[in-house]
Every structure is written in C-alpha cells, then in structure tokens.
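*Asks:* Letter by letter, the chains look like this.
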Amino acid sequence: MATDIAIFHDAAGTSPVTAGNPLTAAPDASSSAAGQQKWIGSTGSGIKHRRKTLPGVNQLQLSVTDANDASGLAVTDVRFALTEAGLTSATWGASLNLGVEILSGVANMVSFWYQVKDSVAAVAQYSDLSISILDVRDDPA
Amino acid sequence: MLGHSPIAGAPIAALAGGAIAGVGAASYSPDAAATGVYVTVNGGGDPGYSPEASGAGRHGEAGDGVLAYHPAAAVVGRHGVRGASAVSYAAITAGEAHHTSLLTELPSALGNYYAPLVVTVGQSGDYSAPVVVDVDYPSGDYTAPLVVAVTQSGDYSAPLVVSVLGTSKRWRHKVTLAGMDVSSRVTGEVMDEQNEGAAHIAEFTLKPANGSINPYSYVGAAVTIDHVRIESTGEIAQRRFTGKVHIPQYNPADRTITFTCTDDLQNRIAGLDRDILGLITGGRFSLGVQGEPENNWAYAKALMETVAGSLDAGRDGGLRVTNWDGLPVWKTFDLTNTLDGSIGQELPQRGNIINRIDASFEYRFSRLHRRTCNLRYEGDMGIIAANALPLLTRATVEAALESTGWEFFYGDGFGGSSGAGSSVFADAGGEPAVPQINYVPYPEEYDIPGSNAVWIQNETDTTCLGFQAGMYKRWAQNVTETYSLTVLAPESITQNGEIRREERGSLASEWDASAWENDRRAVPVLNSGDWNQTQDYAPDAGAAARDAAIQTLVDVCVVKIKDSHRSGRAWATTLMDTSIDVSRALRIDTPKVKATGKVVKVRNVSNADKDAGYATTEFHIAPSGHGGIGLPEVIETPNTPPDAPTPAAPSAATRSAFGQALSMHVGGLASSPMPESEDWQGWIVNVQSGINVSDPGSDAPRINAETQKTERELVSEKYTGGTLNPMYVAANAYQNTGFRVVMPAIEDDVRDNIAPAINKTYEVKIPADEFELAA
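Taken in sequence, the protein lines are chains X and V. Under the working numbering, think of the first position of the first sequence as 171, with each following residue one higher. Under the working numbering, think of the first position of the second sequence as 664, with each following residue one higher.
Next comes chain V alone, as it looks inside the complex:
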C-alpha cells in the first residue's frame, strides 16, 4: 500500500545530535554503538509502505511514517527515499546538499528514488547522507471502508404576516397569472367559490395584450387572487384564491379571455399516497364495503364516507378535514353587517332525512376442524386357538381403517411416541407422512388351555393379534357470519317517524380449503394434542379485516344519517370578508332568522369596473338538527363490532364416542351372542363349520404273543381332509363378518355450512344546531 503524505514540498534537513527541521517532524540521533548516525525522517502521516533494506550498504527502514538511515553502512552513490517524503530524482547528486525546492514532486512509478538528506553535524560542515531505499510494494487490492455522514444545519424561519384591518371601504383586487400581476387588465367580475368537500374554483376575465394568443400557455398557469384593502396606512392584501388555470376561454366578440381556475384539489389528492390520505382524513376504508376505488381521489372520497366532516383545501393550500360539528362560532352576522335582503333560508326536507339504516354484512370464511380418535384392538388368543379361528391379517385391518375415510397414524396415545421413536405429531408438515399402526403380531406358538395341543403359526409379519392406532380427520366448514346492524337516530325517529335505508357489505376469504383437506401436510396444523380442535382460518381476510369492515360499514351509516340532518340552509351576503371559509361556523342572528352552523359554501365576487364597484361575500351555513325538543338524550354507540359467536364445545356424548376399544365377535358357537349387531366393531368372525385335518397316522409297538417278536400296532391311519366341526352351530353364525371399524359421526353443526346470525343496534346522536325562524 502506498499512502500519500501531505508533506511534499517540505524540506528535509537535520542537525546532527539535534532536531531535524522541516517535513512536519523529523529527528536525528547519533548512534553510539554504530559508527555513524541515524537520521529519521517523519513523513508526517502514514506513508503506508515498508521499504526493505536491500543488502549491505543500503539500509533504510520505515514504519509509520518514519524513515531511518544508518550512515555507517552507507555507500556514496545515488541514494534517495521514496514514499511520504517524495523528492525528485533528477536533481539529486550525491554528496550535495539539496534544498526544499527539490522536494516537490511525488514519484509516480515504482523504482528507486534518491532524495537528498542534509545533515548538519555539530562541529562544522555539511554532511550528506545518501539513502538508498528499494521500495518493494506489496501487491493486491485494498478496500478501505468509507463512511460519509452528510449533515446540515441551520436555522429555519417561516414568515408571519399579520394583518390588522381598519374600517376603510376602499379596496381593489389583485390578480396574478403565471406570476405576473395582471390586475390592471382584469375586467368585469372576479369570482371565487368554495363548497365544502370540493375544489375551490375561481373565474375572472382579462383583456389580453395585443398580439397572438396561445391558449395552451395559460392552461395550468398559477393564479392568485387577493382582496386588497386600501387603508390609510397602506394596502393590506388578503388571499382569496390560490390555484391554477383550468380552462381559458377566448371571447372573440370582445377579445377577452375568461379563465376558469381551480385549486386542483382532485389532482393533489390523487397524487398522495393512501397512507397519507388515511393520515389526514382519519377515515376508514374497506374493500368489502366501499368497493375498489378507481384512483386515490375516489379512495379519499371513500375515506370521507366514514368521517362526519369535509375534506378540502384552505386558501393557503393546506389540505384539511373540518368536522361538521363542534366548531366554535367564528362570527355572527346580523342586519348591521349583511346586505339588505340577502338573508335567506331553506328548511330541511323530510325526504332528505335518513334516521335508520339497516345494514347487513356477511363474512365468509373457513372453520377448520381436526379430531382424533384412538382405536385399540386386542384379539383373545385363547378363543382364537381353541376355535381354530383364521388369522387376522394386517391388510384386512388397514383396509377397514382406510374405508372409514379417516387418516391413521402410528401411535399408542395422543401426542405420545411409540415404537422406534416415531412421534405421533413429529412430522414437520404437521401430520405424519406415512400412516402407521402399532401392531401386536400372533405368537408363533400357543399352548391351548385344557389340552396338550399347541397352536403353531409362522406368519408374524403380516398378521395382527392386536393393534393401536390413532385416527384423525380434518375438514373445513364454510361459515358465513351474517350481521344485522341497525343504525338509528332515536331523536329523529321520534320527531320525524322512521325513514329507513339499507346498506350492505361483505367480506369473503378466497382461501382454498379443499386443498387443505386433501393435503395432510397443508397448514395450518391443528395437532396440539387435543382430540377436538377448531380454528377459524382466512389468511386473506381475517377477523381483523372483518372487524374493520364492520366498523367501516357502521361509520358509513352514521355519517349518512348525520349528513341527512343538515340539509337545511341559511345564508347571507356581507361585504367582502376573506376570513369566511368553509372551515368556519357562523351564526346568523336576525329577528326572523337565527341559525348556527358550519359554512358549506362561500362565494366571493368583486367588480372593480368604473360602472360597478362591489366586493361581497355570500355564505351558506348548514345547521344540523332533528327537530325534536325535550327528547331523552342519546348516548352515541361506539362503532365496536358485535362479538362473533364461537363454536360450541362438543357434547359429552360426542366426546365419549372418540376413543373406542374394538373387540372380537365370534359367531357359530352355541355361546355366540345373537342376534348380531351392526354396531359391533372389531373382528367379526365365525368358527369354521368344518375342520381341515392332516393326520400323519401312528402306530405303537407291541409284542406278538405267538412269535414273541416286537411288531407295530396301528393306532390311527393317515388322513388328510375336512371334517365337521362339532362346536359349530350354523344358526349362530354371523352374516356380516370381517374387520369392521365405524368412526364416530361428525355432528351436523360442525360439518355443514352454517350462517350464524349476529345482531347489534347502534344509536346516533344528531347534533342540534340553532335554527329558528320567526313568523
């Protein structure tokens, strides 16, 4: 590695026995043990190289920015150092002192370089010590971590303009278009209008300057409109409108252009992230209630369906939501500060009122079930041997188990382990990968009780004297929770009678439950060990989404009901007052009309033409009310969703059926229970009516009395064939034999599709604003 030191150009000099000047730092010290001196040159930084002495007479060493020289071994010649204390080779001659002017270049190639080293020895004269350093660079790549933290700092100041208005009636309007003050060319009326929840619009007309007109140059141009009060102390500008040109319309008859402008509310909203829209509105959205919005403007409107307020932009461009209720009265207008005849009202119409909404909501999902059942079977070897019953094969048992439609697995209990360490629930996929059964084979020999006979067989790997098996079954049940949500305004119903509407919402999981049923490895795993497990499962539309959808639906209903109770209007016109805004509540207080409510519309118009000259503000307020007086107070119900019903626990009878001991049922004997039952489970087998006999025959030795010789006396003749079983009773033989397993039935209420009904009523309190008329 080669490091660059910032010392190039600095002198190298040394005083024998004393300090070394220049090069940031250097030092010299006589070496008493040696015959010469050491000169060290400090590179002033990390030189990053490690020259090696290359043979006698050429000593140089460096480390950490220090170069050392041993003159005792030096040979006069061309000497130099390379590295931190970079020097120029070309100007160096051995034995001469060199000066700072030489030390200005940084060698750019590998090799030997020769640097002057001027040492002033204590006595007199100069001593030049040639230094030869072979620079041997290690090779390779080096990557140094570089952490750059860019910070900035400073002060921030936001301008604050405070307008203290006087009583002057003089005014003018100031209109800027694309940053240019065009007020002098404005003609006719300048209008701007705010409606709650909508864009702020404006319209004005210009007499354009002579020349060609490019209408496209105006589209989207920035527009501001100020109402300027001309006070004795100066002008006070108040913002009426900030926006952009929406449509420029050229009027060839009078050669004017009318500009229709907007504050671009829709596009501004559409350009925001949905998270931000949720942040500024505080509203709710549920796809199952409001549907998929086309764009973010539609999304914002959907959010506002759940907010009892309005989303719009102020004159400063700030997006805001203004609640309909709870605003303090900003100003009161009476006959003294309104224009004659400008006060009016429109009474609420019953047809606009909604005071009850029956909302239905369906939520469909899968309810997953898993049940386990432990089966045990143990044959009675005594009965088997005594009656020469056929061997029960494992294939017969497994076929019977498979025919139940349940899965089975190796085990001797729920959640335990057995045999060769195989755990019942150990499989990573949740269920055992391979069905297994813990078999008890037949013995190879069995002494038949009460006889000297021995029962013998050698089919130990394929036969089953007994077994234990865990059976499990999992299935999905379609559940459709059906909510009936009644949202009503009791005060309004008392006053106006019930005026009902309906709303709907739904949410359904599209998760494929059949795949889960058919794939024993599919998740979720319901194998915690309980014999009966249930889980509501909707990974794409879970309970949280359901609750959010219900709350959204309730909020939509509440807002519709409240909004329908603010259909009355009162209005008035006053001199231009730019403080009137749809974010304010105003009061009209006249002998004939008293009304308080949030502003829903503001229309400012001004005309500075010589033959006109007016600047007014018309405002409309929307008093909320239900009309009732002295009614019981309503406490508004929170939008909390009702609790969904949980599945009932299985009955004790159901539980008892899950854990069955299977047994032998032997027919054809006089003692066999009759009649046979279809409920029997286990091995149902008849003793054989005939017996296969294989008699090798036998004889016994005897002494012939006549001959006194030993002879063989026949005891039994050799015989192979069938013979009747004397124990067999044909009338007691069972008709349906084999190995039978009947698993407990799954109850209908956990198997069939269900649609539990859930009901809840929400009460809405209608804000009661002042709204009185005097005849």
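Here chain X stands alone, though its shape is the one from the complex:
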C-alpha cells in the first residue's frame, strides 16, 4: 500500500492535490511566480508518517521529481521554504526537511511554501515536474 501522506491546498485538508486539481504556477520569463502555501499531512487518525529508512531519525523531505530530464523544466526551477519569507533565501532545487515525523490529523499538518521559476523561457504548459515526499512509511501512532 502507498502512503497516506498527501499535499493539500488548504489547512483544513478539504482539497487534496490531484491530477485534476494539481499544484500550479504561472511564472513569466522575467520573474518567478509568487510563492504559494500548501499543507502536508493526512486527514485520518492514528498514523505517524516517517521515513522508511531509519524512521524517526531521518527527515521526511520535500523534493522535486523531474519526469523528463531532457526537456521541460528542471528540478532547479522550484524551491521550498517553511515560511514565505524563507523563500527568498532558499536554494533552487534543494529539498526541504519536514521533520522526522508528521502525525495524521488536520491539526498536525505541516505548512510549506513553494516557488517556481521558468528557466526554459518558452511558452508552454509544463507538467514534467512533481513535488514529492519519497521513502515514506506509515505506522500506527
């Protein structure tokens, strides 16, 4: 089974990110898109999300996955921060530590910000990037 952890468009966990309702950004060639705030967690109860490798020790990490390295946008077109202010100093393409554990439940969701730039500078709609949380293990809390 896959992990229950997910990214949501709101802190209440009412609007999960899906293929039909994806994360979006609309940068133009001259400037980056504004940062957007999203939330990570799960709406169930009694679950703790940790890293599958060394759970409770290794950090859960938010990272960018590029399905097509040869074209489209690059991993370094996205950056993360835990606060909006933190975006300006965040490194493009760097993963973001979310803590070693996220408990299920709306109250325990972790907020993050992401920002996208366009390094290709070609008019198009790009969907080769994903924002991922890899190597997640769900255990009873």
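Don't read these hints as lab results, they were simulated from the structure. Think of the CB as a built atom: it goes at the ideal place given N, C-alpha and C, for glycine as much as any other residue. Be aware that a few hints might be false.
[Unchecked claim] Below, a sample of chain X positions facing chain V; criterion: calculated Cβ distance under 7 Å:
(1) T173
(2) A189
(3) N191
(4) T194
(5) A195
(6) L252
(7) S300
(8) I301
(9) L304
[To be verified] Just so you have them, the derived chain V footprint on chain X, three or more residues with Cβ under 8 Å:
(10) 256-268
(11) 289-295
[As the list claims (entries may be wrong)] Restricting the straight-line Cα-Cα distance to at most 16 Å, the calculated cross-link-like pairs of lysine to aspartate or glutamate (EDC-like) are:
(12) V:K1257 - V:E1433
(13) X:K218 - X:D305
(14) X:K222 - V:D818
(15) V:K994 - V:D818
(16) V:K1264 - V:E1299
(17) X:K218 - V:D818
Given the coordinates of chain X, assemble chain V onto it according to the supplied hints.
*Replies:* Using the frame of chain X, we list chain V on its own:
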C-alpha cells in the same frame, strides 16, 4: 495445545549412527547404554504437544518439536506418531519402510496414529522402528496475544503544472459538467464571480443534446471552467472555477439550460469541525458576545468577525483566510492593460465609517467567602460558688451559638486538633460534619474561698463552666464586573470626527451558590486555615472564559472599525487574467486614479459566440484609509483584558473583632457594673434575690447539771425554704440575662451585590492604502 508444523509432506528417514534426512531436521544417535537406538524426529516447529509414554514397550517423548523413540522397548505392532510430523495411519504397516508420499496428511481427530520411521542402520538393511505415541491432549482454552501492526510505505508525488504564458490573444473556454467536456455546446456568456468572504459562483448556458432532460441529474454535478490560452506551442488551460451545479434552469423558448453554480463554500464550511474552523480562521468565539450560532457556517462567520480578513476558497478549492492588510501588490494596472473607460472609483462615505465603539461587558459570578472566629468562655468558679449562681447548661450555650447564624465546630484553635483526635478541618467534605464544642464542665466539688463551705454538684455532663468553639460562616456574594471598553481609531476621529457605535457582551455563571451556602459539605472548600478566605467561583464560566470573551469583544470592535474604513472602491477591467483573485492586492495607476488595495471582487466573463468573442476580468479593490495626513502614529493596543479588581483585605478593626473572649457579667450585687450593656457577651446572670435553704437542724450534747446526765441541746431547728439573699441589690440586677453571643457583622462590601467598574481604552491603527484622485 496442538501446534501445526509446516512439515507435513516431508519424509521421515534416518540413518543409524548418522544424520536423519527430511522433516526439516532430524537426528539419530545410538544409545550405548540401551540395547537399541534413539531416533529423534524434529517437527521443524513447535509441535505444541506432549505425548506421554504409555507403558512398557511404548516409549515416545517429545518436546519442543522433537520426538524421541527408544527401540529397545519397542514392540512390533502398529506404531506411529502424531503431531508435528503428521502421517497417514491407513497406509502404514509395521516393519515396512514408508516413503514421503505417505506423510501428507494431518490427523484431524484425537487418537493414536502410526507413522513409519525408516532407519537405515550402518551395516545393511532397513530397520523399521514402530513408534507408538499416545497423544494425550491437555484440555482448556488458549488465547494467544496477537499484535498486528499494519504499516504501509511508498513515495508520494503531487503533480505540478507550470504555465508559461505567451502573448497570444487567442483563447477558448473549456467547460466540464459531471466530468464531460461540454464546451462545444456552451452558448452565450460564461461568467464566474468571486466576492471576498463569499462563495465563488458561476453561470453558463448549454444547448442540451436532443432527448429528454432530467433536471435533477444536473443538481450537484461537478463543474469546472477553464480559460484556455491558445499559444503557438499548444493550449494552456487556466482554472477559472471549480464547483457544483446549484440551480439548473431550463429555458423552453430557446431550449437551453442555464446553470448557476457555486463552489459550495457554505456547505463545505458547515461540514467542518469547529476545531478545524478555529484552526484555519484563527478567529475567536465567545457565546456571551456572539450568541449561539445556528450551524457551523454561522460559527465560521462569527469567528471571522474577529479577524481583519476574509474567508473563502481559492480556485483550487483550498479554504483560506486572506488578511485585508499587508498583502504585496500582485500586479499594477494602468491605461495600457485595462479596457478603455473601465476604470472607476467610489469614494468612502462618512456614513459607513465607525471610529469609536463603546463596548460594555458584564461578567457575573459568585464570590465565596468564609470567615472563622474563635470563641472562648471561662466562668469564674469563685464568683459562681460564692453567689450560688445557677449552673450554666450546655444547651443554653449551644442555643446561643446557633442563634448567631454561624456554624460552630469542635476546636481549640484554627486548624488544630483537640480532644479525642478530632481535627477541626479533617472532614472530607471540607467542613466538620457534626458541630462540636470543647466544653469544660463544672467541678463536682469546690471549696468556697473564705469559708468552710463546700460547693457541690453532680451535673458534669450537661453543664458548662467554660468552652472553646470555632465558629465559621460562609456566604456567597454576587459580583457583576462591569467593563467599559472603548475602542477607537484616533487618526480617523481627528480626520472625520467621532462616529460612535455600541457593542455589548456578557457572561454569567449559572452556578447555584445558595446550595453551597446551605450545604456544609459543598465544594469548594475554603478551609485552608486563614480566618478570612475568598474565592471567585464560576465553574461554568471562569476567569479564562471571561478574558476570552473580552478579547473577542475587543476584536469584534477592532474589525468593525477597520472594515468601515475600507468602504471606498476602485475598479477596472482587463483582458481575462485568471491570476487575479480575491486573495491578491492590486494597484491601479492612471493619471486620474491611483489606488492600492486588496481585491474584493473579481468577475470573469467570456463569450465565444461568433458574433461576440470577448474574455475579460473586472476587479474591484478596497483601499483602506482614514484620510488624515501627518497625524501622530498610532500604536495599536493589544486586546489584553483589563485587570479585574481584587477584593480588598479586611481592615484591622474587622480582624480584631474576629477572636472574642466571652466573660461573665454578674448583676444584682452592689459591685455589679451599671448600666448594663447590650454589647456584653457571655453569661449575663443575676445573683439570686432569695436563697433556698435546706437546714436539717442540729443539736449538741450537754450534761444536765441537775441530773448529771448527757442530753441533746438544740442548736438549730430543721428548716427548708427560701430566705432573702442579703447580698442581693435589686437596683443592680440586669434585665437581659442569659448567654449572649453576638458575632461580628459582615461588612457591606463583602456581603452585598457589587458591580465593580473597570475601564480600558484600546487604540486601533487604520491601514492607510494609496487612494488618490486627480481632478
């Protein structure tokens, strides 16, 4: 217990003096001491049974998955093993070697089973060792703990769609209804509109396919509307609306259906827990200020009364609160990127402004008091005996104490213990269960000073020469704290004059204080030992709830004042721009209008009909401002509640009255103090005006001189009756006699209902956004 081993079907075989093959593990070893060999068969697991050898010639033992056989005692016959190494009985014949194919069945019933055991002895030939094992099962139930930890793992990826827009002016709109792309059947205008703090709505019209129409099938159907830019490299879809059909309206004249849609904000909010609503809004709620909301939508609106922001949903459906102030400017619009004549403004009206709110808040609760007073009385035995005063009875004392309206208890001091180990404050309910007094009885005999007389009595159990008693009284006082909270915007008042409104709030405890007053065991217990104790008590509406209510009320006032200063509007229309949202701040920068503010309304309209063809976005912003220039800067006051007054400590005079020594006041004597006083406490008694005499009479022996005989000479005659008391002075007799106790009065300010007034002023800073017009 019987355990199932996973070895069924495996062969049992052994080599004498060597290893045993099959069955996971087995072993054989010759027994030098015995005349035969041991064969052990390892069940490969926990067989969970313990067969017992059942008499000579039938040896078998097993433990922990091992079956042992002693052939020296074996008897040819039908032998077998049961358990881990399950075999089939039917195919077994003694003395024959059997093969793996036989070892495939697991016996299902209790009994004896016979298994082949093939032992290949070192020299030559086969040796078959019959094994007989009587399986004797212990009986009973067995419950094994089973802990199942279900875990799951994997990777999570959220799709990210990045749109890099070009300059193409070509577009189309894409409308889906119940998951179907119905864009080709859309006719006329497609509209969607956002207003801050409200649901996102949309409207479009379809030409339905031929056939019957079931209008109910459309209600609640999912709807998406995209604005699709047609660039040279492909289409770029941008979401305008996500929601559901609210009302489908059939138009028989042109056989079209108009769909009014909503993002269902109200129902989504109403379906959330209040904790979550509090989490996403950050607002406050107090029943005493905002009243009981009908549902969670009303609850959310009440929360938002305390937040200078708006709650709505984005185009991605995410619920969010956007602050009115502090947003960065998302885009600037001027004459080059707005439609001709589309820029307009509406100036703030003074009638919409509120710059002072006088808020009153009442908080009613019970203030509990308990006071203790130590009473001591000691009679003067010398005076009592010399004046033949009547005995003071305990009943008289207790009646006097009870008439004070105070409770009394056994004791010789506050918080101490006395007598037979009874502690003053030891009762579990907080107060002593039984009123008691530490009495000092009259002596049975007392030598009257200055005489040879002896005062005698025998009423030791009912009389009181002295006593000590702790008295206590507890009462509840109704307190109504009355707060006058003034919330004002000084800059706006300077600029616009004072425009005042009023707000009210209240919180009251419904706790029944009278029950506490009348039940000595009722909690809370105020018996820590201090003579004067006070506790504000409102278990259903405590001080924390009061403070939260006050903060809520102040926040409501602040938000109303701020909201009233953003009634001005500026607006413009541009080509369809789906990035414009009520969560953004925009700037309009034209020669005649310069304004910055949060977007309060967005209206997108598009029409792809051949004779139309337009796609525009109209937006309205709300610049905040007070209009003043160069005014002193205001530092906004935090919503901290003012401190409630604490009750003053009793005065020293009051304190001194609580600890009284009662005394005797004897009237009717020449030395009695006069006039008598109503303030006297203790035993007020007159000497008796008459004395009861009981003289048995007496005589004395004498010698009669004439007769020289001893005779009795009368000394006094026998007498019983009253006689005047020569010590009695009628003019000095007291009129009000008896045992009198007057407890100290409780001061009015701790007894009567009180309503202390508390005042505080809060200053509000009005955000000053750009809003300028040029004539």
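*Asks:* Each hint should be assessed against the structure and marked as holding or not.
*Replies:* Right, here's what the structure says about each hint:
1. T173: Since the shortest Cβ distance to chain V is 5 Å, the answer is holds.
2. A189: Since the shortest Cβ distance to chain V is 6 Å, the answer is holds.
3. N191: holds (6 Å)
4. T194: OK, holds: T194 of chain X within 7 Å of chain V, min 5 Å.
5. A195: holds (5 Å)
6. L252: Violated - the Cβ of L252 of chain X stays beyond 7 Å from chain V, reaching only about 17 Å at its closest.
7. S300: holds (4 Å)
8. I301: holds (5 Å)
9. L304: holds (5 Å)
10. 256-268: violated (count 0)
11. 289-295: holds (count 6)
12. V:K1257 - V:E1433: This hinted pair holds, its Cα atoms lying about 7 Å apart.
13. X:K218 - X:D305: Holds, because 14 Å separates the two Cα atoms, which is no more than 16 Å.
14. X:K222 - V:D818: At roughly 10 Å apart (the allowed maximum being 16 Å), D818 of chain V and K222 of chain X satisfy the hint.
15. V:K994 - V:D818: violated (37 Å)
16. V:K1264 - V:E1299: violated (28 Å)
17. X:K218 - V:D818: With a Cα-Cα distance of about 15 Å, the restraint between K218 of chain X and D818 of chain V holds, given a limit of 16 Å.
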